[in-house]
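Given chain E, work out where chain R should sit, using these hints.
Protein chains: 2
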Amino acid sequence: MTPHNEMKTKIDTSRNQYGSLTDIEGLLLGQREVGEKLPITGVTAVLAPEGAAAGFECRGGAPATHETDLLRCGNLVERVQGVVLTGGSSFGLISACGVQQYLAEQHLGWRVGTSPEEVVPIVPAAAIFDLGRSNSFTTRPTFQLGYETAAAAGRGYVGEGSRGAGSGAEVGGLLGPGLVGGIGTGCVKTEDGISVAAIVVVNSAGLPIDIETGELLGNAHLNSVFCRAELVTKIAAPTQKEISHWQAYVAAETNRGKHQGTPGNTNTVIGIIATNVDLRRDELTRMAKVAHNGLARSISPIHTLFDGDTLFSLSTAQLNLGNDLHAPLTAERALALSRVYECGATAVTRAVVRAVATAHSKGGLPCYRDFFPSLYDN
Amino acid sequence: MTPHNEMKTKIDTSRNQYGSLTDIEGLLLGQREVGEKLPITGVTAVLAPEGAAAGFECRGGAPATHETDLLRCGNLVERVQGVVLTGGSSFGLISACGVQQYLAEQHLGWRVGTSPEEVVPIVPAAAIFDLGRSNSFTTRPTFQLGYETAAAAGRGYVGEGSRGAGSGAEVGGLLGPGLVGGIGTGCVKTEDGISVAAIVVVNSAGLPIDIETGELLGNAHLNSVFCRAELVTKIAAPTQKEISHWQAYVAAETNRGKHQGTPGNTNTVIGIIATNVDLRRDELTRMAKVAHNGLARSISPIHTLFDGDTLFSLSTAQLNLGNDLHAPLTAERALALSRVYECGATAVTRAVVRAVATAHSKGGLPCYRDFFPSLYDN
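Taken in order, these protein sequences are the chains called E and R.
According to the working numbering, the first sequence is numbered sequentially starting from 19.
According to the working numbering, the second sequence is numbered sequentially starting from 19.
Chain E on its own, in the form it takes in the complex (with noise of 0.2 Å):
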């Protein structure tokens, strides 16, 4: 490996340009949208037919989610059968029990009986505030479209930009100047077969841009030395007359505080990440607290009491680093974990600049390849 700093790329809308939640075997993905022209909110649901060890990190001040006690350390029920992001605040919560029911009919849960129907999925979930967007208030998830996204779940390329639960996604509105925003994904792989991959929704109160570069926040943090993980290139930096044009928007933006006074109305980033590492609940709830910091670098502010951040995790437990899980820890373990977790942030910060990246402008909203076209190669 070599550093790729002379070998910025530009981006690329086409495919899952920095690897995707898929990647993670056992895993299954589905998304469904509302709207009839233009998706106004919709359904992301990562499916675990076989169960996946569970965690999860609620860092906002104003989460809507469902499900998640469960998932606390010490806990009886350690595996879920699938997490669901949603938009729709908490109306939209309801889509997680469409997609349970849906789990429910292929006998895939928490087994509580002889019968193979007498299972309870366990389906934790997490909303993003979109009501409203494109003027309709009432246009939110149902149970139905839960179930469809569920029954359309598999693996392969995975929608990034107005997809799924990142439909009716905006960022920036603390701040003044909005953008659209969205939906991405991301997977870091190690040269030892480590893999962890995140799909966020990235609908913030704060900005994931640079006001005074235009960068992606999230570009200087695409890799991690200490993941010793394949590397990324980064995205070009824009020309001088995109950043001015850029400039200009922020300052009448701000000036116009066009978004400002509703800022509690209008955000939330959720997400999952996930890995093939054998994990215990502690170790996967580490990993969601960890994982935040990728949304720390990628978004500011972030974690605002209008935001209900939440990252959820999972382990499909394919890889076992090579120690006793119910041994006391060893700092070779915690090493080795440690490398896991900061795999899990760089996966966040890539899925964030995916999201911002691949997002196109609607509803009179401009999106970040509005102001920077010349980092697109198509």
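Quick caveat, the hints were computed from the structure, so don't treat them as lab data.
Computed from a predicted structure; not experimentally measured.
Be a bit skeptical, because a hint or two may be false.
Same chains, same names: a pair is fine if it fits in one copy or spans any two.
In silico DMTMM-like pairs for lysine to aspartate or glutamate, Cα to Cα no more than 25 Å straight-line [to be verified]: (1) 28 <-> 395; (2) 307 <-> 123; (3) 307 <-> 75; (4) 55 <-> 136; (5) 207 <-> 30; (6) 252 <-> 350; (7) 259 <-> 230; (8) 207 <-> 388; (9) 28 <-> 296; (10) 259 <-> 228; (11) 380 <-> 136; (12) 307 <-> 296; (13) 252 <-> 30; (14) 252 <-> 388; (15) 207 <-> 166.
The following block gives chain R in isolation, referenced to the frame of chain E:
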């Protein structure tokens, strides 16, 4: 006030003998059941049309909860418009979405726009595991049942026993001697105007009954000297013949292990405590923590890995304790708060006692009354 030790009373199932949740002004309560002949499961909804400050504490190892993260200290939204207790395990949490829909139609909720309909009703919820009771695994509370429960909410008499979320409740499965559980309510009122009420669904892995004496464990804790509240009369002791009958049942069931083997499938205690005292989020959080002591006193064991024990706390804020809520905590206020919290624990104990005492046998499972008919006066 005088001690009532010499004036032990009988159980009156025709009224809310120990007060009820709707003794707290500003709260409405609705209950609905599922089951053609006998209630198998159901929903209990408490509505706070004017909003109520809220907190919670989950202390069981297998919780099924909805919209609880927002209730943590330091978060943005401090008031809820409703709390839902439901059967159906996590499947039943969808009933909270029905309650939310009803409240949204009333334009009650967290305001997120200028139009009356632009509200997000905040409706946290918790579920008990009652799936498979009466041999029906798929009979569960629905969105529609939640909606109807909210629409029917009012004040006045609160049904106890097999009503609402208590419809499918059973107790004691972990130990062997299973009995019908249920829902109960109680209220503690002090001489200086403090009211703290509770409503609790008792579906515990543990037993709320002394296996030797047959007395309800909570009977010894119906009053608290510290509360300086009105005293309620304790329930009289069973006859020796009744005690012998009970002991024989305990021995037979424990030996038979009839209910053993699936403790993880059949448990959880959930409830709500509400007060007229003006309390902050952090204070309500502590109130919910202390209220769990009411469960500890009345059920044994409690908070097992097979229970999802969760209590919500509400303040309707009609009564100020005479301190500025934003001033540093004084010893005086700390003492006053401690009394309020203890009232909550006692109200929970009263509710647990009522839940078990008012239950009726069904589906071949006996109830407390079957063993101790001499304790009843109607």
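Status of the hints after comparison with the structure:
1. 28 <-> 395: For residue 28 and residue 395, only the intra-copy Cα distance (6 Å) is at most 25 Å; the inter-copy one is 82 Å.
2. 307 <-> 123: Neither: 33 Å inside a copy, 38 Å across copies.
3. 307 <-> 75: Both. Shortest intra-copy (6 Å) and inter-copy (21 Å) distances satisfy the 25 Å Cα cut-off.
4. 55 <-> 136: between (41 Å within a copy, 23 Å between copies)
5. 207 <-> 30: Within. Shortest intra-copy distance 20 Å satisfies the 25 Å Cα cut-off; inter-copy 67 Å does not.
6. 252 <-> 350: Neither, since 31 Å and 60 Å both go past 25 Å.
7. 259 <-> 230: within (13 Å within a copy, 85 Å between copies)
8. 207 <-> 388: neither (32 Å within a copy, 64 Å between copies)
9. 28 <-> 296: neither (35 Å within a copy, 57 Å between copies)
10. 259 <-> 228: Only inside one copy: residue 259 and residue 228 sit 16 Å apart there, 80 Å across copies, limit 25 Å.
11. 380 <-> 136: Intra 45 Å, inter 22 Å, cutoff 25 Å: inter-copy only.
12. 307 <-> 296: The answer is within: 17 Å in one copy meets 25 Å, while 34 Å across copies does not.
13. 252 <-> 30: within (12 Å within a copy, 74 Å between copies)
14. 252 <-> 388: For residue 252 and residue 388, only the intra-copy Cα distance (19 Å) is at most 25 Å; the inter-copy one is 74 Å.
15. 207 <-> 166: For residue 207 and residue 166, neither the intra-copy (31 Å) nor the inter-copy (51 Å) Cα distance is at most 25 Å.
This entry does not satisfy hints 2, 6, 8, 9 and 15, going by the numbered hints stated previously.
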